[in-house]
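Model the full assembly from the supplied sequences, consistent with the hints where possible.
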Amino acid sequence: MNRKIKMIAAKKKKKIFPTTIEKGSKHVDCFSLGPPSSVCQYCAAVMWKEESTSRSRKSGSSKFSLCCKKGKVKLPPAREPPEFLRDLLQSNSEAGKHFRDCIRMYNGVFCFSSMGGKIDHALNNGRGVYVFSIGGQIYHQIGSLLPPVGSSAKFAQLYIHQTETEAENRLQAIG
Numbered sequence: 068m069n070r071k072i073k074m075i076a077a078k079k080k081k082k083i084f085p086t087t088i089e090k091g092s093k094h095v096d097c098f099s100l101g102p103p104s105s106v107c108q109y110c111a112a113v114m115w116k117e118e119s120t121s122r123s124r125k126s127g128s129s130k131f132s133l134c135c136k137k138g139k140v141k142l143p144p145a146r147e148p149p150e151f152l153r154d155l156l157q158s159n160s161e162a163g164k165h166f167r168d169c170i171r172m173y174n175g176v177f178c179f180s181s182m183g184g185k186i187d188h189a190l191n192n193g194r195g196v197y198v199f200s201i202g203g204q205i206y207h208q209i210g211s212l213l214p215p216v217g218s219s220a221k222f223a224q225l226y227i228h229q230t231e232t233e234a235e236n237r238l239q240a241i242g
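Throughout the sequence shown, residue numbering follows the numbering used here, covering 68 to 242 in sequence.
These are calculated hints, taken from the structure and not from any lab test.
Don't take every hint at face value.
[To be verified] Here are the simulated EDC-like pairs of lysine to aspartate or glutamate, each with C-alpha atoms no more than 20 Å apart in a straight line:
| hint | residue 1 | residue 2 |
| --- | --- | --- |
| 1 | 139 | 118 |
| 2 | 136 | 117 |
| 3 | 164 | 154 |
| 4 | 221 | 231 |
Quick look at the structure:
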């Protein structure tokens, strides 16, 4: 019985996602689902129709479980951000524009680890959206909580290692 279920699941997967990556393959065909076009009836999450778990026979609408387990998971509404943060995210002020331009850098300041992998830099040789491809295994690098003697603090060390110049060290880390 269990084998039969696995075979059915494999057939469904091939039908929905015809392109698969095989170990040792050097060529990967492009496959796009296009933009997400379905909305979960329970939580209003925007989904791809291929992510649906079932269809209602009466209405024909898709049901999803990846987002809220078909309405079983209910989260409270998100709170309004403090005015200062909302202004940084939404206003056209100089500070707001700078914050949005550098938001990835600011987010990176709070990373206590860094992601690693063999990145294929050949993809970004023209104009267009920045894309990167990683070959092989993806991993996280976590350093020591204390910097080596004579070295400046990085990543989590900026928040663990206490000095008289903590604020300066943190600002210096972002350039």
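Results for each hint:
Distance restraint check for residue 139 and residue 118: the Cα-Cα separation of roughly 17 Å lies within the 20 Å cut-off, and the hinted pair is therefore satisfied. Annotation: proposed proximity of residue 136 to residue 117 holds, straight-line Cα distance about 16 Å (limit 20 Å). With a C-alpha separation of about 10 Å, the suggested pairing of residue 164 with residue 154 holds against the 20 Å cut-off. The suggested pairing of residue 221 with residue 231 holds, with an alpha-carbon distance near 16 Å, which does not exceed 20 Å.
Of the numbered hints given earlier, the model fails none.
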